[in-house]
Structure formats: C-alpha cells, structure tokens
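Here are the chains, one letter per residue:
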Amino acid sequence: MAERMALTGNDSAAYAFKQINPDVVAAYPITPQTELMHKFAAYVADGEVKTEFVPVESEHSAMSAVIAASLAGARACTATSANGLALMWEMLYIAASCRCPIVMPVINRALSAPINIHCDHSDTMGARDTGWIQLYSENCQEAYDNALQAVRIAEHPDVMLPVMVCLDGFILSHTLEGLEANDDETVRNFIGEYERSDNLLDVERPQTFGAFALQNYYFEFKKQQADAMQEAPAVIDEVGKEYGELTGRSYGRLDPYRCDDADVIVVGLGSSMGTAKQAVDDLRDEAGLKCGVLKIRCFRPFPGDLIRQALQNAAIVGVMDRAVSFGLGGPLFHEIRSARYGGDGPMLNFIYGLGGRDLSLDLAKDVFRNLAEAKDSGQVEPVVRYVGLRE
Amino acid sequence: MGEGLLQIRWHGRGGQGAKTAAAMVAEVAVHAGKYGQAAPEYGAEREGAPIRAYTRIGEQAIRVHDAIYYPDIVVVLDETLLDTQNVEGGLSEDGILLVNTARTPAEVREALGLEGCTIYTVEATRIALEEIGRPIPNTVMLGALLSVTEVVEVEEIKKSIEKKLGGKLSESMLKGNLRAVERAFEEVKSENG
Chain L
1 MAERMALTGN DSAAYAFKQI NPDVVAAYPI TPQTELMHKF AAYVADGEVK TEFVPVESEH
61 SAMSAVIAAS LAGARACTAT SANGLALMWE MLYIAASCRC PIVMPVINRA LSAPINIHCD
121 HSDTMGARDT GWIQLYSENC QEAYDNALQA VRIAEHPDVM LPVMVCLDGF ILSHTLEGLE
181 ANDDETVRNF IGEYERSDNL LDVERPQTFG AFALQNYYFE FKKQQADAMQ EAPAVIDEVG
241 KEYGELTGRS YGRLDPYRCD DADVIVVGLG SSMGTAKQAV DDLRDEAGLK CGVLKIRCFR
301 PFPGDLIRQA LQNAAIVGVM DRAVSFGLGG PLFHEIRSAR YGGDGPMLNF IYGLGGRDLS
361 LDLAKDVFRN LAEAKDSGQV EPVVRYVGLR E
Chain H
1 MGEGLLQIRW HGRGGQGAKT AAAMVAEVAV HAGKYGQAAP EYGAEREGAP IRAYTRIGEQ
61 AIRVHDAIYY PDIVVVLDET LLDTQNVEGG LSEDGILLVN TARTPAEVRE ALGLEGCTIY
121 TVEATRIALE EIGRPIPNTV MLGALLSVTE VVEVEEIKKS IEKKLGGKLS ESMLKGNLRA
181 VERAFEEVKS ENG
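These protein sequence lines map, in sequence, to chains L and H.
Each residue of the first sequence is one higher than the last, beginning at 1 in this note's numbering.
Each residue of the second sequence is one higher than the last, beginning at 1 in this note's numbering.
Everything labelled a hint here was simulated from the structure, so no lab data went into it.
Hints may contain errors.
[Claimed, not checked] Here are the simulated lysine-lysine pairs, DSSO-like style, with alpha carbons at most 27 Å apart:
{"hint": "1", "chain 1": "H", "residue 1": "K163", "chain 2": "L", "residue 2": "K39"}
{"hint": "2", "chain 1": "H", "residue 1": "K168", "chain 2": "H", "residue 2": "K189"}
{"hint": "3", "chain 1": "L", "residue 1": "K39", "chain 2": "H", "residue 2": "K164"}
{"hint": "4", "chain 1": "H", "residue 1": "K168", "chain 2": "L", "residue 2": "K39"}
{"hint": "5", "chain 1": "H", "residue 1": "K158", "chain 2": "L", "residue 2": "K39"}
{"hint": "6", "chain 1": "L", "residue 1": "K223", "chain 2": "H", "residue 2": "K159"}
{"hint": "7", "chain 1": "L", "residue 1": "K39", "chain 2": "H", "residue 2": "K189"}
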C-alpha cells in the first residue's frame, strides 16, 4: 500500500535510499545536502538498512569509494551539493567512464564566491559534460520518484551510466510537502537486484578498470560512452512508463503543460516550473493569454528532438536558466536554440581527436568529402560522425 | 492562485521554533488529507537572527515554490520584529495578524498604523516561561493560531507535538508544551477584548 507522507526534499531522497537499501553509501556533509545523509545515517544506525555506510573525509573520497564499490558489484549511492560536487570533479568522469551505475542526488546550490548556500544550477550545469545522466525534480514527490527510477535507468544493461537526481537546494531540500511513497515491496520488486557481469571481485576472471589507454584505445571507450547515452532515452521512457503503471505517476523526459494551443511557451528545469505552471493557469484565466510550460526533466541525454517538436507551434519561446556560462549566456538556452536550429538547415557534427588520436591530412580531407556528399545527396543522418575511429 | 489555498507567514528569530511550527501545521494538514507545504527562509542559521517561514494548505495540489508575499495569516513570534520587519506586508484586508506581545491588539494596530485585517495578541513568551521554563514561544503561538482559526485540528497538533518533541524534551517540558497550547486558547486577546 502506498503511504501519504509529509517530507522535505532531503527526507524524501533519504526515504528513497532507505527503500533502495544500497549495498554501499559513502558521503561527506555539505549544506544543503547534509540533512539527507543525517537521515540516512539514522536508518543505518537503526538497522533499517543493510548498507555499509562509509563516512569519508571529502567528496572526492566519497565518489572514489562509491566507484570502487560499484565496480566490485555493489549498488552504491552518494549525495552532494555545489562545492562538494566541484571537489568530486575528476571522479565524476571516472564514474561515467568506468560505467558505474551510481545514483547521486545533487541538492542544487550556487558555487562560491561569494559564499552562498542557496539554489542555482551552476553546480550540475557545470557537470553536464561529465557523462552522467541528469534528471531534474520539480517537487519532493518527483525527487523521490526520480531517485527510484534512477536505479533502474543507471543499471540497465544498455546504459550502465551514473545518474544525478537534481533537486533544488532549500526550495525543495528544506521544504516539507505531502507525497505518496510506495511500499517497500513495490520498490524492491521495481528496482530488482544489481548484477554486474564484469565484477571486479570475480577471481575466476580477474579484471582491471580505468587502466591505461592511450592513442590506441581511449577513443573507443569514449565512443562506447556516447553510444550508451544514445541508448538511455528509450530506457528512461520505458522506466518512466512502467513506474507510472505501478504508481499512477508516469514520467517522460519532458513534461509539457498546456502547450498544445500555446503561443507563448516557457522552458526550464526544476522547482520554478511548478510556479510557472501556476502562472500559466492564472494568466489564461485572467488575461486569456495562451501560454504553456515545457519542463525538461531529463537534461542529459538532451532531448533535442522532443524539444523541437514540442516548441514547433510556439510564436515565442522563453528559456529560464538558473546558471550562467560566463561569456556565453544561459546553457539551457543555447542548447535549445541549437536544437531548434536543426529545422532550418542541415548540420553535421564531427567528433575527432579524443585522447590524442591524430587527425591526419587524409582524415581532414575525408571530413570535407563527407560534407560535400551529404550536401548533394541530402543524406544528413547520422548527424554526429566520428573521425578516425577504430570500428 | 488555486482555489481554497491558505497561506501563513511566520516571522520569528532563530531559535524560537518558527520553522518547526510552520512544518507542524503543514504536516498535520497533509495527514488530514489536504495538501500542505512548509518552508523556512533563512541564511546560515544563527540564533536570534530574523527568519521567516511559510505554510501553505490547499484543497488542490500546491505547485508554487516561492515565498509567501500575500499571506492570509501572519504570525509574529517576536514583537521586536514589528519595528524592523515589514511583518504586515501584503496581508489581505480580511487577513489575520497574530502577535506574541503583552500589548493589546488595539495597541499593535496603533503602533503599526494598520487598517483592515483582524489583530490578535497573546503573551506567548510569558506563557512559555511559566509552562515550559524556556522562552520558546512556538507551541503557544500554534495554540493561539488554532484558537483564532482552526486551520488544522488542535488535537492533531498536540499529537504532532508529542511525536516531534517527545524524544527531545523531558516529560515535564513536553507536558508544559501541551499546557502552553491550551493556555493560548484561553489567553489570546481579540480586538473586542
């Protein structure tokens, strides 16, 4: 039986962790995430979970510990915010590259300086190229639901990538709301068991992870990561649908609200989209303004095609960014503008030179030939092409 | 805004329990089958610093995640904030202002130069000192709030106090808190005396 509870965002994520009952959790406190791990540590101390809880000396160590645990076949989780995420930086890449399906709530908070403990998205926006899947939450219910779905998405054999469950610091983390929690058995059945086929502790088949790969193989690892991200959308949609059948709350990568006949559409991430939905209702009633909200739940992988479709009939689109890329503008705005530009003319993207692989004169010429061919034939798929990759 | 949405803004100082009181009301509302939301607003926590907290109770899902600018009810846990904070800001004409003070509602009205709304006062700090032995006025103010308008059931708030504070306080202090809620019912002053 589902249970109606009143929880803060931090408590809702901690409760999801309790039901997930991870094998290993390593964490270091940072505002506004601290209460999440306080709560979870209490579950550990009270024997309500069987988790090996590792209180480490820094976020860098927290991420290192969960990477190692994940490679050893453990279901491993952590959580952080802002500067803590920044301190994890190099390990974030390693978690994704080693294909560790770690689930990490990130309680979004501004980066210093000046010191500020409150919400913006500059922490996770900065991490958008680390190879992690990113789901953003509008309210405490979504934070809880996303944390559970993240386990399934991360551990799916076609994906095997870590997932950040983003929720706004204070605005959600410290705000108490009513939410519907699933019973433990439903969660247990939904998430299933984590089996890692290339387990580090498999003594019959000794393996190493994250070892040396230079010009010879590094590039192929990156291509595999890119491929896994390509597989993720289908898995995210499938998991969101299955979760809906189970709980009555289904999830897609986007959440369009009254967009069908809207002339004006606002696009954004996180808790402010709830406020924007209310504004839509009010403005439709009070001013007859045909408006809508396009909330992006899944920011990585970026659902560019879906966004373009969702916005195709809008007369004007406003993108709300809670982060600045200095010298560019809002990152979400630029990604969406880029996604919409595809409709105006063909473009191709060439990926080359990763890990020091040489771009020879011949390969460079191939790029020009490739483009000319696409122009003449009109064949622009696939848009992303790899140069000099060992197939 | 959605129909049937009630918005309460709490003004207090760090350590007076405004955050806890705001959360308790929302939590009880949720368990009564309504929609509830409670959020504190503060910087780095410091005892004595002015803070705000917000409670929303709705018949429909509450989607907004902003501060409360147009409250139906304002609860002031520390009367020194009347001089320094715009506690009555945005309070509706038919709203309620409830203040922890020894002054009468008429005196508060005069001090604020306020028109409209209904003012209530209660000596919450004195009651807290007498019943609990500490100048923490939040449970008294909860009692006063519910005596003025039963946004949630007082019996449920008492249960919540027992549940929330039971593990933290001594038996005598817990009982003091429950008596404090009851005394607020008897001692809250309206403008009609």
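Broken hints, by number: 2, 6 and 7
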